[in-house]
Amino acid sequence: MSSAPLTSADVARLASLARIELTPQELEQFAPQLDVILESVTSVAELAGADVEPTSHALPLTNVFRADEVRPSFTAAQALAGAPAAEDNRFSVPRILDEEA
Amino acid sequence: MSEILTATAAELARRIATGEQSAEEVTRAHLDRIEAVDPKVNAFLAVDSERALATARQVDAKRSAGEELGPLAGVPIAVKDLLCYQGLPTTAGSRMLEGWVPPYNATVVDRLIAADMVILGKTNLDEFAMGSSTETSAYGPSRNPWDLDRIPGGSGGGSSAAVASFEAPLAIGTDTGGSIRQPASVTGTVGVKPTYGGSSRYGIIAMASSLDQPGPCARTTEDAALLHAVIAGHDPMDATSIQAPVPPVVEAARSGDVAGMKIGIVREFAGDGYAPGVEQRFQESLTLLENAGAELVEVSCPHFVHALATYYLIMPAEVSSNLARYDAMRYGLRVGDDGERSTEEVMRLTRGRGFGSEVKRRIIIGTHALSSGYYDAYYGSAQKVRTLIRQDFDQAFTSVDVLVSPSTPTTAFRIGERIDDPMSMYRADLCTIPANLAGNAAGSFPAGLAPEDGLPVGLQVMAPPMADDRIYRVGAALERAQASAWGAPFTSQIPFLEA
Amino acid sequence: MDVMDFEDVLAAYEPVMGLEVHVELNTVSKMFCGCSTAFGAEPNTQVCPICLGLPGSLPVINGKAVESAIRIGLALNCQIASWCRMARKNYFYPDMPKDYQISQYDEPIAFDGYLDVEVDGETFRVDVERAHMEEDTGKSLHVGGATGRIQGADYSLLDYNRAGVPLIEIVTRPITGAGEKAPQVARAYVAALREILRGLDVSDVRMEQGSLRCDANVSLMPRGAAVFGTRTETKNVNSLRSVEGAVRYEMCRQGAVLSEGGTVRQETRHWNEAEGFTTPGRSKETAEDYRYFPEPDLVPIAPDAAWVEELRATLPEPPAERLARVTKEWGFTDLEMRDVLGAGAIGVIDQTVAAGATPQAARKWWLGELVRRANEAGVELAEVGMTPAQVAELQRLVEGGTINDKLARQVIDGVLAGEGDPEQVVATRGLSVVSDEGALSAAVEAAIAANPGVADKVRAGKVQAAGALIGAVMKEMKGQADAARVRELVLEKLS
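Residue numbers (our numbering), protein chains in the order written: chain A, 1 to 101; chain B, 1001 to 1499; chain C, 2001 to 2495.
One or more hints might be untrue.
[Unchecked claim] Short derived list, chain B residues pointing at chain C, Cβ under 10 angstroms:
id	residue
1	TRP1100
2	HIS1234
3	ASP1238
4	ASN1322
5	SER1371
By construction, these hints were calculated from the structure, which means they are not laboratory data.
C-beta atoms are modelled at their ideal positions from N, C-alpha and C, and glycine is treated no differently.
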């Protein structure tokens, strides 16, 4: 597979999908860097035939389950100890524009 | 004083257990050493003097009371700042988590505590373990005690630098693509990545979940094995943890018998791009092992040359998802929350400012690799090549017991030399990545110094899953052969950095 | 908003529905950690490193949730995957602690099933495409602004107690051919599904508490057309009545849009329960890119045939078979049976009988008492607050003479008020009939003395006059006497 070069518009779109604000300088800098990286990795697309099973895990394990048992939870104070902002034992976050997915 | 610092962990444990030396004295010596040389080395992000001394005193009290002590009780250890340890900030080397104090312990940390080991503090690393030099750390690079202008490797450069500069006899590292082995190689220390699933990932800040694995850093093979035995073994909190006994690593490290062992030399890891001194020391190590009774066999693993490309698709994909949680909502940095900006804007700003360039590059690559329309070509294909790499290992291990290669193609490079060229940085992990992709055990052992620059070279040993003991057997054999060939163990060559 | 007359919609268009039901399982702990799933706890007190998504934490699958998922799949006549994986669904949202949801993507645990539902004596087969496992999100509270809703709020507060509660999402294939009965089929499907889930005892299935939530996809295609129209997805449809109402409303709204030459916008819509209409939400025209990939923190789930068969053996009787059986076994008249069916009381009566009561006694309490109380409380019969086992216990107390029917009603009051099982209520309220012969005898003599005229009539053989004396005694005993015994005593003393 030969991929089209990654433009700074592509990088901007991906950064937006990844919720990262990039400065104009970063956009300029990243596009060629990422392009080089992508160019070097596209070789893998042609390597494996359709008959090769993908490996998501090197482990031979299946069916690893825990028993349905309650274990101690945090107190609200412990849960919120690292919160940037909290109110009424809840995490406080800025107003949300997007609707739930 | 310096005698305590250069002693092995095994020796320190023996002295503490017999009362010959107190754990408190041993701990104090290391804390003093950190205070003296860490301004130069920058191995530590946090030092926990009070708790370390308190723990040491408890060990001494236990000994006085006649309680039985574990094999490393009272021995100081440094922990990579990627593992959660209550009461001390865990930053992952990032601004994103600056000041965050985890409310729980990693399983590995719990096991160190249960073994009565003395945690000195947290060590520096590349941001979120992404790098081969510690230069991407938000808190400045660590330095290689062999040459302070050079990198101590990465991502676990803080741990390797701490061990190599005698700030700690032992350290915990984590290895996703070589982050234990490459730092060990360039600092002349021992580092082992256990079999994937051999030691618990619970409480270790994730980089790439299917590749990450914590392991020991030490100056000798036996010390590494003793630490391996303390931290490894099944953990019900990690669903990818293997339910089987820990391989007999300590026995193997004490035996060092390689007579009749078949050692496979990976043909693909040589030639262009390998420094002459690396090649030379690698060949010398092979000769030493052969003289010790091992049989050398050249093997081909044709897909290993694609491991780097495969890794740079799988790893960023998992990174892009694992690092999504740093979103300014529940913990860590929050930027730009002025009461006007929305959650979406605050997330973007925080992630833009809180992450460094390398982390952002990998998240963007990973987002691309997983996005619809590209998944099959990128992530899907990479998972298939991963299968081919596993098959190469399986095939090789039908005829040999272990595989060997240089740990990294060059000796320690200079700080700043590769930071603006991601691809050249990535090449540092060329030889170490296959073992992560296939889940094998692998370790790096000192192979001597490269004649051209006098810097350490490492020999990588790779073993089949859950045959971690074979790595230690080879490492110990090499260590002994070196001592008799050179008249002194390699560790005697490690420079004792002056304050 | 313009709506078209329902009949006119049907004349021109064929409705197509797809129903997505999310069921919260009733496991005691969460999907991937040991935090409690109990409803109504103080905010952020049922959270831990795992369900808060703290750095370094890892999920481990709750085995009971997998069992429940397989049992649900089997009860819906699904195939069970012999090997499947969890997958990460990546999107940023503050109620999701990891900013990805652990779900299933192209490898659901159960697939290709169906559920037959009956509407006005006609059976519709609803094809079930898949049932998969996932985790619930936290809950947001929107502060400021006029409405307390997300729009116009100043900021939001998050409680992650619900985050990580196991969910099963059950998705139908497009339902076509229901025509005018489409809204009723949708309702009947959700009702039947709920009945099955309740029978499996895998969920509380309380729509009002959100443990069963339905999203209704609706589109219209012109009669005779082969291609489905653009659909909308109506969320927050949280009662059976609303399922029917939302489908009907969307049909009429879309009919109006299409007949005026407009196009239906692909979007989510929100059901306004009080007013009975839907309002537009987020556009779904540009598909979200969720970047699914296999969850690397978890290993595959591979239920072997033996395990699946073991779980199949635990399935309750399918509703249709149960109806045939109880019709034969209970011996109710057609009229009685119709009432029982109308009240949706087959299940509870069956369970009460299984707990030891006779069918007639079970019917008497459920239809005579509990249906009315459920209606008064506005809840389903099964959620009235008294279990079949408690009803059977109540009946045992009556038959054993500890209480009479009148006292039994007070016992029901007590059980519904949360005072415990019938025996406890009897004990704490002191409701048992007086079986102290001495006290009873004294009360009878007092009544005779107070009513000499009546006593004489009884002595003279007018036995029916005894009723007045019995009434006086029962009044004196505040109803807590066995009326039959009182009658015996009265007649004995006046013979």
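- Message: Quick check on HIS1234/B please, does its C-beta sit within 10 angstroms of some C-beta on chain C?
- Response: violated, 12 angstroms
- Message: SER1371/B was flagged as interface toward chain C. Is the shortest Cβ-Cβ separation under 10 angstroms?
- Response: holds, 5 angstroms
- Message: Less than 10 angstroms between beta-carbons is the criterion; does ASP1238/B satisfy it with respect to chain C?
- Response: holds, 5 angstroms
- Message: Next item in the hint list is ASN1322/B. Is there a CB on chain C closer than 10 angstroms to its CB?
- Response: holds, 9 angstroms
- Task: With chain C as the partner, please determine if TRP1100/B meets the hint condition of a C-beta pair closer than 10 angstroms.
- Result: holds, 8 angstroms
Taken one by one, the earlier hints fail for this structure only at number 2.
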